[in-house]
Structures are given as structure tokens and as C-alpha cells.
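These two chains come separately, so use the hints to put the complex back together.
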Amino acid sequence: MSANKFLLEIGIEEIPAQYVQKMAQSLEVNIQKALVENNIEHQNAYVYYTPRRLVLLVEQMSDVIAGTVQEVKGPAKKSAFDEQNNPTRALQGFLAGRKLTLEDTFIKNINGVEYIFANQKTEAKNTADVMATLLPNLIMSIYQPNPMRWNTFSGKFIRPIRWILCLLGATPVNFELEFVKSGNTTRGHRTLANHEIAVSSVDDYLAKLPQAFVLLNQNERKQIILEQIKRLEKQYGITVPIDTDLLDEIVNLVEYPTAAVGSYDSAFLALPEPIIITPMKDHQRYFPAYQNGKLTDKFVFVRNGNDYYIENVIKGNQRVLSARLKDGEFFYQEDLKTSLADKAKKLPDVVFQTKLGSYTEKMARVQEISYRLNLALNLNLSDKIDTTIPLLKADLVSAVVGEFSEIQGVMGAIYARHDGYAEDVCQAIEEQYLPRFSGDKLPQSNLGAVVAIADKLDSIMGLCAVNLKPTGSQDPFALRRQAIGILATIKAHNFDLNLSTFIKSLAPLYAKFYEAENMSESDFTEYVCNFFAQRLSIMLNEDMGFAISEVISKIDLSALNMTEIVKKAEAISKLNGTSHFEEMIQVMQRIDKMIAGKSAAENIVADLVKNADEKIMMSAFYGCQEYAQIALNNADYEVFVENIYPCLESINAFFDHNLVMSEDLDERANRMAELKLISDFMHKFVL
Amino acid sequence: MNFQELKRKLQDFWSARGCTIGEPYDVEKGAGTMNPLTFFGALGEKSVARAYVEPSRRPADGRYGDNPNRLYQHHQFQVIIKPSPIDIVDTYIESLEYIGFNKDEHDIRFVEDNWESPTLGAFGKGWEVWLDGMEITQFTFFQEIGGMTCKPVTAEITYGLERIAMYLQNVENVYDLQYSDSEKYGEIYHRREYDHSKYCFELCNEKQLLQDFDNYESESKRLVSLGNIFTAYDFALKCSHTFNVLDARGAISVTERAHYIARIRALMREVAKLYLSQEC
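For the record, the sequence lines run as chains A and B. Sequential numbering of the first sequence, starting at 1, is according to the working numbering. Sequential numbering of the second sequence, starting at 1, is according to the working numbering.
Only chain B is shown next, with the shape it has when bound in the complex (with noise of 0.2 Å):
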């Protein structure tokens, strides 16, 4: 099965079980919560059911494209499902099988991991699940987002796509993936792989990084004051990314970076705080 059909399968599975398919958001991030399919669609009482694909960058995992497990950017595929389901574990499992494994030919483990996104001012309690040792999924019940109480709560699931389909293909190297029949993972992504590692580590202008995270702190804030919330969440986002390379370039000492930290988490729970009382 190649990466492309992986994503279709999953998004056929989850789409027949009432989610909306919905798209990557434009806006760089480090993980598909940041979405604002996640991140709003967990805040307030509405049901909702949603999947979809997320590139998400890791500026401090870039390898230059020389590891064959580490990117700068992998692709998440994210369902969130309020209230969650009594038989979401199962209904995970069958999405597995669906994809091709065997229950009964892998060993899948749920060991425990109590997620936490100290930007995003969230955590949740859950699991990382393994198929044979290799965590594949983060699964979580949120507790918490924006520093929000999450009640109903939303089950987060989030497939390493990466992950999944080198197991599927039985390749030992992500860049060895076969993407669809006619391109491989490495042809499209390896170059990219290499800039963006390079510009993190090496090339970024911290100077100006620096300078970027005050003024879309600044934006972020205006636009809270505005009332207008969506726009708002993009500069958030814009701060978690900055934060994310500077981090990386070890521009941030560690006393400093808890400070940041705490400034895009106050970002973060304005932002659900505006959301929340317009419920829109």
C-alpha cells in the first residue's frame, strides 16, 4: 500500500463513521492539534467528528534528511470525536485492520502517556499505542485546552503516517517510501528535508526570528481585542513556530524558554477564552 492510498483508507474509515474530512491548515505547526479543527473543535459543548491529514514541522527533529526515522516534518493523520465514543478503543482498532494489520498477527500494546501541550496550555490522559514496540498512535481523552476544562471531553486519535506505512512496506528508510506509484517519499520531500534543517540549525536570522515572535505576539493580542478570533489564532500559531526554530538554533536559553513558552500559552487561552464566549 502506498503512503497516498494509506491516507485515502484512513480517511474512507473514519469518513463512514460520520467525521467530516477536513484539510491541513495553511499555517506552519508542530502538531496536528494546532489545526483549528482540533484546537476550537475540542473548546464548548458542540458535537463534533473530524479527520484529517496534518503536516506538522519539527524544527528540533530535523536531520538534514540524513536520518531514516527523523524529519523536520512528518504527516499526522488526526480524528477528534466529541463526546468520545464508549467503544473508541475498539473503533481504533478496527481502523488497523482496515489499514491492512492483522489484530491477531501484531502485538498492539496502549501504554500509558498522559499528553501535554504546555503551549497550547492543554494535556490530556491516554496512551501511545504499539504495534509490535513501534508507537504508532497517540490517543488521548483531553482534559484541558487553552486552559479551557474540556467537558464533553474529545478522544484524540493521531496516526504517525510515516511510521505506519514504512512498517507496511517493510522499508527500513522513510525516504524509501513508496509515496504512489509513481514517486517515492524521498523524491519529494529529501531536498526539503535538507533546507529546512539547514535553515533551522544554520541559517535562520534570530535577530529577526526574535523580532517576528514580538510583533505576532503583539498582532495576536490586537486582534483578541478585536473580538476576531480565527486571525487571532493564526498569530498564536505564528509565535509556536518561531518559538519552534529559534528553539531548535539554540537561540533560547532554558531560563528564557519557559518564559516563551508561557507567553504563547497566555496567547492560547485568550484566544479560547474569546472563542468560548461567542460559541461559534
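Looking at chain A on its own, in the form it has when it is part of the complex (with noise of 0.2 Å):
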């Protein structure tokens, strides 16, 4: 038995470079698991790809696998044979069934009771023959978004597979799939060295591919792109800032790496900045350069190939831009011919959504939301939102946005200061879709929080009522991130919205939606919070940190008030392992498990307390309970358990020393509403 190198490189036509990625991944996790299923020996597996091959490298794998011999318990002694001696079905059945024979049994006592066993063995395997039978499943298993048919195939890849390398030191793999056999061949890059390349082992592989201008290894390719952006950046006085999801799309978009700098015509400057960034970086896949901070009239493209001719290839580039520049011109030129205003005439004929109508029925819900909003934060912007709703979905209907959907809002802020709007009711436009992605920047005025916070909640509410609800990994709409932006933006404002309460009260908006469902205004407000109670245990967990257990399921989280959430889950997490803190979870504790199931008087009776510890234990809570009030207006949770803390030591007196349980049934009823009394408020702050 001997440890070889073991070689999987897949040939494909140019994979879509946002799912290379995944689809390696996922190769790599069938491959380990199988390994592990099949007891094949094996150390050390990396995963590698580019446009064109999906790479799985092994450094040990064994070229055998062992035998092995496995007790196996079969039937009990005294029904595995008959009164002849006979074996009985049961034991004909258990034979059969592991292909053993008698001579292989034996007899082994278990607690007194006999068992038939037997020795069941395996044969030692070749390992590259179980590779040969298990990777034409684990390669059509691999993780497919979109996979397509070619020629007469029935099977779907992401695009057509065009050759398989399998070694396993320097032997041969071979399988066969419905497209293409295995072999010892690999191809170089597709214009420099797209020949057929004989591999006689996993070393030559790693020799070949750099001659024939391929660089395996991702990292490798990214690193090489910085450096050259490094190089470039000295050489010609910019500064080229690194979009980390351009370059690692860029990094699956090439084999071999070669950056260069091209220019455009300096007259485009005069254009707003995203007309220009846009076409460059989600079009074109350039990077913008900047001098001293301000945009200038060069950009980084990387080639999939080396530097021969790359004076044809920057000139080239530098055709496109201008050709998009010039378009991007020519429909902000077309833009500037109608006001904003205008534009927004057209909205009644853009639709949101079928059953929800057209944006102008949209934003007349998002008016009412952002006016109650206003109203429940006491933000004094009445006036504002009613200049900013009219406007704000007007650029969808511009030609910019027409072709550079993904700066609607910022191409709509442009005009209005266009138009010479107040610059809070630009930004506010501007600002509506903040977030775009997690981690992106959120509103920053409080006009532009409130409508980005109406305009997401109408679509969830709205979406939701027309039965168009995220299920699992399907969300069209985004509502899952949309919802996630929400609490973000009422965490960062310190907004302190009650949500659950906001949103029952928003209900009748949707009446007409939901009951075309047949869903009933309960389930519906129901269903919109939980989903909001979901997404915000996933961001306090994901985002913010905070631990399952031991703080986020401490905390209600059913009123949705973001701001008094994050700082019980701020305090829980300090408090956590604190004496006075563990302290009262612990009575909390003691009074709960008292009072569970137990029925309570509705009013407490002064008169019914006798008992001295009883007195002494209200008392002592009454004069905390007014201190720890005022530190839960406060949200101060952690002077809200000091607070508490001196009265804890009364009450466990009281339980230490009396039975609570009175005999007296209205004594006992009295007690039980005390404790109740007790064991609400401190649940005020945690569960």
C-alpha cells in the first residue's frame, strides 16, 4: 500500500464567473465525503479553479483500501436453531443476507443471553477502481444554479463539459460520463495554448499549467492582480481603489492575469460620477483611478492573457468606454429636458406589482407610513415628506436609470438638485435603498431614514399580502435584506419604534390584499412579525454578535422595538456570570417554577399579609421596584439590576423559611399575586 497524489481537473467551456466559486466548493465537499464514506485513506485536499477547469488535488491519498473484518450480532442462539440442531430461518435469513456461511459463526453472551456473531470481511479495493465508480455521480451532484443541455445529451452542467483529467499517482482514472470519457490530457489557456497537453503525473500537472498560461490556484491570480494594480498605480500617479467583488470576479474571469491602464476622453468628467463608474465597473469589469481624491480620466481593465499586443487590447477597451460614455451622455442629456416632476407624471404606468399596483399607488402607501412614522418619532417632517414621496420613485422612468438600474435613488438625487430641491429631500431620495447589501451604508438623515424604513416595510407588507413570501432559499424581492436594512437603520437612528405595534396599525392598508388571500388581518400582522422576530435574531446573532443561548433567547423579542432590544442584549451579554445578575435569575427561577400553573388572586390584599418574612419581602420589593423602574425608562439594564439586587435576599428569606403554599386558599391566592407581581417586572427585562 502506497500514498499518491490524486488529480480531478473538470474541463469547461467558461463557466459563469459568480458561480466558479460555489460550484468548486461543492465539489470538493461530495469528494471528502465520499472519502470518508468509502474509508479511502487521504490527506491533505485543496480545491482550485478559473473560468475554464474546476480542480480537485489531493496530496496522500492511499492507493488501496484495506480489507476489514467487522464482528456482526446475529440472531439469539435459542431461535437460530431448531430441536434437530437445525439452523432455524432466522439464522438461514442473517447468513444469507452478509453472504457468510456456518463456519464463520460464533457465539458470543451479551447479558446472559447467547447471540449468534460472525466475522463479516471485505476484500481489500483498488482505490482508483472506486474512484472510477463513485465520481461520475459526485461530479453530476456538484452544486448547479442555472445548468444547461448541449447536443444530444440528456445531463445539464453549467456549460458543456469538455474533457476530464483523473490520476491517482501516475495511473489513469477512468470513467465515463454521458458527455465525455476520462482521460490523461488537459488544455492550456484558450487562446495561448488551447492544445491537448499529455499529464503523466499530479507534479507534471502543476509544471505544465504555468507554460501553457494557466495559474491554478485563485488566490495566486488575485495576488498577481494586486501587485500589477500596485505597480500601475506608481507608474502612472493614481490611486485605484479595490472593490474586493469586482477583483474576485475578475480573478474567475481569467487564467492568466495581465492588468493595464487605458484612458478616455477628459470632456466625460464633466458627467455625475456614476454615469461614469457605473458602465466602468458593473459593464466593463474596470477599476476607476482617482488623482488626489477626485475621479480622473483613466481605469484599470485586466486582460485574460499576457502583455503581447496589449496596446490592441487597451485600445480596444478604451472604444467600448467611450461608446458607453457617450450613451450615458446622451440619456443624461435626454434626462435634463424634463424636470423630475414631470418624470413622476409617468408613474401611474410603471407597475410594482401586479396585484399591488403601480408605483403611483405604491408611494401613496409609502406617504401614509412615512406620515405615521413621523408622527410615532415626533420628527417634525410633515412638510419634507410631502415634497420627497412625489419624487421619490420618478427617476425609474429616466433614461439613465433605464440603462443603469443599479444607481435608481442616486440618479434621482442628481436631478432633484438638478431641479434645485433642499438638499435634506435630494438626500433623502438618494438615500431610499440603503441599504443596497449587508454591510452597506445605512441613511443618514432622519428624512431619509424614514422613508427608506416606509418605502422597505411597504414592500414586505405589501408582498407578503399578496402571498408573495420568501420560502426558504427563494426570495425574489430581497425581503429578507430589506427587512434587515430596516432594523439597522432604527438601531443607527435610535429610533424607538415600537414595530410590532407600528405594524398591526398599518394593517388596514392592506386589507384588501390579504383578504383577497383569505388570510385574516391576525395572521397577517402575525406573520409580518414573525418574520421581522426572525430576522432580528439572525442579526443579533450574525451581525451583531450576540449569542443564541445565553443572550438572545433571554430577551422578548415580539414588541420588535429595536433600540430597548440591543441594549438588553448589550447588558445581558456584560451581566452574563455576574453575581448580582445570576442572582436574580435564580429567584426569578424560584418564583417561576412557585407560580407555574397556580391560580392568583386579581388584586393583592395589604390586609391578607401576616406572615413577617411576606411583609418584609414586599416592602423590600416595592422600594426597589421604584428605583428599577425608572432604570427600565432609561433602558439602563445594568443599574436596573442593581436595583433589584437588595430585595432578592428578602424574598429567598421568605421562601427558605414558610411554606408559600399557604393552607388558607385565599392567603395562598394573595402570595401567588405577589409573586406574579414580582416575577412581570423583572421579566421586563429578560425571559
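The reader is advised that the hints may include incorrect statements.
What the hints assert, rightly or not - Under the rule of at most 20 Å between Cα atoms (straight-line distance), these lysine to any residue pairs were calculated in the SDA-like manner:
no.	chain 1	residue 1	chain 2	residue 2
1	A	K684	A	I548
2	A	K345	B	G250
3	B	K103	A	T258
4	B	K103	A	Y309
5	A	K315	B	Q169
6	A	K208	A	G169
7	A	K156	B	G147
8	B	K103	A	H195
9	B	K103	A	P210
10	A	K610	A	A673
11	A	K22	B	N114
12	A	K326	B	D61
13	A	K73	A	L100
14	A	K73	A	V113
15	B	K103	A	I310
16	A	K156	B	M148
17	B	K151	A	N151
18	A	K208	A	A170
19	A	K676	A	D613
20	A	K22	A	E220
21	A	K156	B	N114
22	A	K337	B	G250
23	B	K46	B	G18
24	A	K315	A	T258
25	B	K7	B	N170
26	A	K156	B	P152
27	A	K125	A	F175
28	B	K103	A	E311
29	A	K315	B	N170
30	A	K156	A	N146
31	A	K156	B	F123
32	A	K230	A	E220
33	A	K610	A	Y622
Calculated directly from the structure, the hints in this document are not laboratory data.
Below, the structure is given as C-alpha cells:
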């Protein structure tokens, strides 16, 4: 038995960049799992990917799967043989099922009962043979979000599979997919070395690929691109901020990167920056360049190849960008011919969602929600809301947004400024879509926050009302991200909002929608509130790092009061393990255990309190409660614990020295009411 | 290389690889895919290999002859092969070399682009091909056409001839292209571009066109009911172009738009079904 290197390379016609990494990781998971399940000894598996290949490399894989001997348990001896000492059907079945004979069996005593046992042997196997039977399935079960068919084949894959190279040591692992047979050849770079290259071993493969202009290791390609950009920054006196998503995409678009600088007519710099940057980044995958903090007439792109005739490539890219900028300029000039208010007149024709109607109808709801938020938060913004809401979505009908939808809002703000609206209105229009993705910036202004929350809340409530709720991995309207956006905005602005009550108060706006879906008002609001509570819990855990069982599970999330909940989470994280807090929790548990399922009097009657410990307990509690309530009102939970703490000892004393369950039923009910009062009060902080 | 040589070279290249060289179809259309050579070629199981030039009209892209890159009508060079050959991408790159792009002197990329034609009831998976950052070709493996599953799968390669020619001739404005040794592109097409743009955006008779659409639609349906495949298809194409003109004119609201598209798709689907039932 010896250990060899194992290599699987799946050669594929260009894989969409967005899926390359996920597919490679899925391949790795599939194979790792199979190696373990099949007892294949191995060490150090690595996954590599380029636009044209998914590669799995194992540094050491045993070429033989050792045979095993396993003790297996059969029927009890007394049911294994009949009176003539012949094997019963039970024993025959056991032996036949495992391909054993009577000679393989022996008796073993377990807890005084004798059982038939046997040694089951498996033969040693050749790893290459086992891999050959496993790989077709492992390859075809790679995660593929959007696969296709080609030629006459029935199977689907992300793009046509062109070749498969598979070696264990120097031995080809031979298997066959519907599309292709595995072999011992690879191919080089699409244009620089697109011929078959015979590979004799894993080391041979790793040595030959760079000669064929393929840099297999994605991290190496990324480093090279970054170094090249640094060099160009120096050479051209420019700064090139690295957008990491763009960089990752480019890494998956090239097998052999060469970065270069192109330029464009500086007259275009007069255009609003988003019109220049959006086609550069989103359409052409260029990095914009800056000088002294200002956009300059240069850009960096990455060629898939070497620097041979790079001047051709630079010129071509400049020509394309120039045409795109000319288009952008044309659209911008067209847009400036009408005011934003004029554009808004077309919104009745723009459908938000078939059942929920046009953007005009949506904005009527958003305006109502904004008013109510303004009122609830006491922000004094109603005039500003009146100006902003009618303009909010007007840029959706502009030519620039028609071309570059990703800068909706941003363009609206630019056009609003052009039309001379107050800066806070313009800013709110720009901020309405924030945050656009997890970790994005949040609306800064109060007005921006109000319209951003109102717009998202309408989308969530509206789409849930027409039953377009997110399910499993399906969330086509990104409602989960929008819910988190609302919560993050409330938190950042410290808005004191009971979101749950607020959502319930908005339900009538959606009545005709959810009623048409046969949903009751309470089902509808309960769904929306639960949806938010789930997001909130995830956000507290994943984004803010609070532990689920130690912190989040101790907080009542149902009111969806973001500011209060976050303060509670912060306090509990700090207080966990401190003696006063732990003692309070113990007392609460002691009380809750006592009163669970017992009936309590409706009102506490002071005259019924005769026991001295009980009297002390209650007066200690009332004394503490007054100050603790102030702490609650201030959401100052550490102070709350300190203020409650002094009465804990008297509560324990009452429990320690008395039979709480008094024989006198009135006294008992009165005590239960007292304890419930204490418990309810403490639960205002922790569950 | 002038424009007509470019067309001829592509015809020579694909002819040498077994393609039938077809002709443009004489009904207005938005894309080479709508030529019956492709629409019906992609349906059914019979092997096909065809290539042809297709003048394609995109009313919304009309710019009165003012824009150096956008045209009411541009020319596509269309190749379809069924079943899609295993080495079709390699062959395509050879074709680029054949028309004058040394592959190692350029940056050739295949960028994900999943083509879809809601009016044809068609979609495919594939790429747009970039040459030095410029999209020069749409490369598609048809998965469905006329609402019917494509099996075997057809590979469709659509070259944007003007863009490629501008690159080869190193001109910045499409109208400056040398069409033949004696004429420039602008001499032939500039006034035509202006007139058609003016017609689509300003002069067209909306009421008449809406009426035409209804007439073409009912004629297509009538012909399907009579089992006459290719004429029914022509009238569906006329619906499609009429819709495109109305759309460019802004005569169709966003809500109605989806409805019109669905009506055209329904016609295409009926024609495709009829064709498959008879497998001509």
C-alpha cells in the first residue's frame, strides 16, 4: 500500500464567474464526504478553480482501500437452531443476507443471553477502481444553480464539459460521463495554448499548466492582479481603490491575468460620477482611477492573457468605454430635458407588482407610512415628506436608470439637485434604497431614514399580503435583506419605535390584498411580525455577534423595539456571569417554578399579608421597584439589576423559612399574585 | 477588409465547415433568430448547419443617423448548428482568426449571458463574446424555442457585423465604414436610418399600427387553423415588428406591453406546435 497524489480536473467551456467558486466548493464537499464514507485514507485536499476548470487535488491518497473484518450480531442462539439443531429461517436469513456460512459464526454471551455472531470480511479494494465508480455521480451532483443541455445529451451541466483529467499517482482513473470519457490530458489557456497536453503525474500537471498560461491557484491570481495594480498606480501616479467583489469576479474571469491602464476623453468627467463609474465597473469590469481624491480619465482593466500586443487590447477597451460614456451622456442630456416632477407623471404606468398596482399606488401607501412614522417618532418632517414622496421613484422612468438600474435613487438625487430642491430632500431620495446589501451604509438623515423604512416596510407588507412571501432559499424580492435594512436603520438612528404595534396599525392599508388571499388581519400581522422577529434574531446573532442561547433567547423580541432590544442584549452580554445578575435569574426561576399553573388573586390585598417574611419581602420589593422602574424607562439595564438586587435576599428568606403554599386558600392566592407581580416586573428585562 | 468582404469571409468559413449558406428573410424582424432558417431549424430532431446574413431592425435603437454606434437596422451574421458540436467554441475562435483577428494579439472572453426572447418563447444559455472589451458575438445554446424544448440542442452564433467591421477598419463611426471599394456604409444607409427613425418615433400612424397588429394576429391564427405553417409564421413576424415600432413610439404602456408580448408568444407557440406535428 502506498500514498499517491490524486488529481481531478473538470474542463468546462467558460463557467459563469458568479458560480465558479460555489461549484468548486461543492465539488470539494462531495468528494471529501465520499472519501470518508468509503474509508479511503487521504490527507490534505485542495480545491482550485479558473473560468475553464474545477480542480480537486489530494496530496496523499492511499492506492488501496484496506480490507476489514467486522463483528456482526445475528439472532439469539435459542431462535437460531430448531430442536434438531438445524439452522432456523432466522439464522439462514442472517447468513444469506451477509453472504456468510455457518463456519463463519461463533457464539457470544451478552447480558446472559447467547447470540450468534460472525466475522464479516470485506476484501481490499483498489482506490482507483472505487473512485472510478464514484466520480460520475459526484461530478453530476455538484451544486449548479442554472445548468444547461447541449448536443444530444440529456444531462445538464453549468456549461459544456469538454474534458476530464483524473490521475491517482501516474495511473489514469478511467470513468465515463454521458458527455466525455476521463483521460490523462488537459488543455492550456483558451487563446494562448488551447491544445491537448498529456499529463503523466500530478507534479507534471502543476509544472505544465503555467507554461500553458494557466495559473490554477485562484489566490495566486488575485495576488498577481493586486501587485500589478500597485505597480500601475506608481507608474501613472493614480490611486485605484479595490472593490473586492469586482476583484473576485475578475479572478474568475481570467486564467492568466495582465492588468493595464486605459484612458478616456477627460470631457466626460463633467458627467455625474455614477454615470461614468457604473458602466466601467458593472458592465466592463474596470477599476476607476483617482488622482488627488478625484476621479481621473483613466481606468485599470485585467486582460485574460499576457502582455503581447497589449496596445491592441487597451485601444479596444478604450473604444468600448468611450461608446458607453457617449451613450450615458446622451441619456443624461435627454433626462435633463424634463424635470423630475414631469417624470413622476409617468409613474401611474409603471407597475410595482401586478396585484399591488403601480408605483403611484405604492407611493400613496409609503406616504401614509411616512406620516405615521413621523408622528410616532416626533420628527416634525411632514412638510418634507410631502415634497419628497412624489419625487422618490421618479427616476425609474429616466433614461439613465433605464440603462443603469443599479443607480436608481442616486440619479433621482442628482436630478432633484438639478431642479433646485432642498438638499435634505435630495439626500433622502438618494438614501431610500440604503442599505443595498449587507454591510452597506445606512441612511444618515432622519428624512432619508423615514422614507427608506416606509418604502421597504410597504414592500414587505404588500408582497406578504399578496402571498409572495420568501420561502426557503427563494426570496426574489430580497424581503429578508429589506427587513434587516429596516432594523439596522432604526438602530442606527436610535428610533424609539415599537415596530410590532406599528405594523399592526398599518394592516388596514393592506386589507384588500390579504383578504383577497383569504388571510385574516391577525394572521397577516402575525406573519409579518414573526418574519421581522426571525430577521432580528439572525441579525443580533450574525451581524452583532450576540450568542443565541446565552443572550438572544433571554430577550422578548415580540415588540420588535429595536433600540430597547439591542440595549438589553448588550446588558445581558455584560451581566452574564456576574453575581447579582445570576442571583436575580435564580430568584426569578424560583418564583416561576412556584407560581407555574397556580391561580393567583386578581388584586393583592395588603390585609391578607400576615407573615413577617412576606411583609418584608413585599416592602423590600416595592422599595426597589420604584428605582428599577426608572432604570427600565431609561433602558439602563445594568442599573436595573443593581436596583432590584437589594430585595432578592428577602425574597429568598421568605421562600427559605415559610411554606409558600399556604393552607389558607385566600392567603395562597394573594401570595401567588404578589410573586407574579415581582416576576412580571423582572421579566420586563429578561425572559 | 471592407464590409462585404467580411460577410463573404464568414460565409466561406462556415460553408467550408458544412453549413448551407442561406439568405436574409424578406419579412421585417428584430433578430437573425427569427429567420425561418433558424426558428424552424432549431425545432425537431433533424440535423442542420446553416449560416446567413440577416439585416435586423430594432426600432428603439434608431438614432436618426446621429449616433456612431447605434442603428435602427444592423447586420447580423448568423450560424446555427444542430446538434451543437463538441468543439463549437474552438471553431468559432478559428473563424475570428479567419476574418483577421490573431487570437494571441487580443483579449477574447466568454462572459455569461443567458439569451431570452419573450416574443419567440425562447431562451438559451451561453455567453456574449468580448473582443478587447467589446461585445462582438452572442453565443447561445438553445434550450427552448416557440415554447418547445430543444433536443438536440442547437448552437447559435450571432456576429455583430458592423461592430466587427469597425474594429477591423479602425473607424469610430459606423457610417465611415467602407462597405465596398466604391461605397461607404453611410452612403447606403445614413438617410435610411434617418427616415426610419423619424417614422418610428414621430410619423408612424399608431392607430393604424394597432389595427395592423390585430389583423396580423388573427390572420396568423386563421392560417394555423388551416395548417399553413410558413404563412402563419410570417404574420406572427409582422406582429412582432409592428409591436416593436409601437413600443419605440411609446404607444404601449408598461402594463399593456407584457400583454402584447404574450400575444406574440402565443402565436409563435402555435406555429411551433403545428410545425412539430408535421416535422417538415
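Verification of the hints:
{"no.": "1", "hint": "K684(A) <-> I548(A)", "in the structure": "holds, 19 Å"}
{"no.": "2", "hint": "K345(A) <-> G250(B)", "in the structure": "holds, 15 Å"}
{"no.": "3", "hint": "K103(B) <-> T258(A)", "in the structure": "holds, 16 Å"}
{"no.": "4", "hint": "K103(B) <-> Y309(A)", "in the structure": "holds, 11 Å"}
{"no.": "5", "hint": "K315(A) <-> Q169(B)", "in the structure": "holds, 13 Å"}
{"no.": "6", "hint": "K208(A) <-> G169(A)", "in the structure": "holds, 16 Å"}
{"no.": "7", "hint": "K156(A) <-> G147(B)", "in the structure": "holds, 19 Å"}
{"no.": "8", "hint": "K103(B) <-> H195(A)", "in the structure": "holds, 14 Å"}
{"no.": "9", "hint": "K103(B) <-> P210(A)", "in the structure": "holds, 19 Å"}
{"no.": "10", "hint": "K610(A) <-> A673(A)", "in the structure": "holds, 15 Å"}
{"no.": "11", "hint": "K22(A) <-> N114(B)", "in the structure": "holds, 19 Å"}
{"no.": "12", "hint": "K326(A) <-> D61(B)", "in the structure": "holds, 14 Å"}
{"no.": "13", "hint": "K73(A) <-> L100(A)", "in the structure": "holds, 12 Å"}
{"no.": "14", "hint": "K73(A) <-> V113(A)", "in the structure": "holds, 12 Å"}
{"no.": "15", "hint": "K103(B) <-> I310(A)", "in the structure": "holds, 12 Å"}
{"no.": "16", "hint": "K156(A) <-> M148(B)", "in the structure": "holds, 17 Å"}
{"no.": "17", "hint": "K151(B) <-> N151(A)", "in the structure": "holds, 8 Å"}
{"no.": "18", "hint": "K208(A) <-> A170(A)", "in the structure": "holds, 15 Å"}
{"no.": "19", "hint": "K676(A) <-> D613(A)", "in the structure": "holds, 17 Å"}
{"no.": "20", "hint": "K22(A) <-> E220(A)", "in the structure": "holds, 18 Å"}
{"no.": "21", "hint": "K156(A) <-> N114(B)", "in the structure": "holds, 15 Å"}
{"no.": "22", "hint": "K337(A) <-> G250(B)", "in the structure": "holds, 17 Å"}
{"no.": "23", "hint": "K46(B) <-> G18(B)", "in the structure": "holds, 15 Å"}
{"no.": "24", "hint": "K315(A) <-> T258(A)", "in the structure": "holds, 15 Å"}
{"no.": "25", "hint": "K7(B) <-> N170(B)", "in the structure": "holds, 17 Å"}
{"no.": "26", "hint": "K156(A) <-> P152(B)", "in the structure": "holds, 13 Å"}
{"no.": "27", "hint": "K125(A) <-> F175(A)", "in the structure": "holds, 17 Å"}
{"no.": "28", "hint": "K103(B) <-> E311(A)", "in the structure": "holds, 14 Å"}
{"no.": "29", "hint": "K315(A) <-> N170(B)", "in the structure": "holds, 10 Å"}
{"no.": "30", "hint": "K156(A) <-> N146(A)", "in the structure": "holds, 9 Å"}
{"no.": "31", "hint": "K156(A) <-> F123(B)", "in the structure": "holds, 15 Å"}
{"no.": "32", "hint": "K230(A) <-> E220(A)", "in the structure": "holds, 15 Å"}
{"no.": "33", "hint": "K610(A) <-> Y622(A)", "in the structure": "holds, 17 Å"}
Violated hints for the displayed structure: none, as all numbered hints are satisfied.
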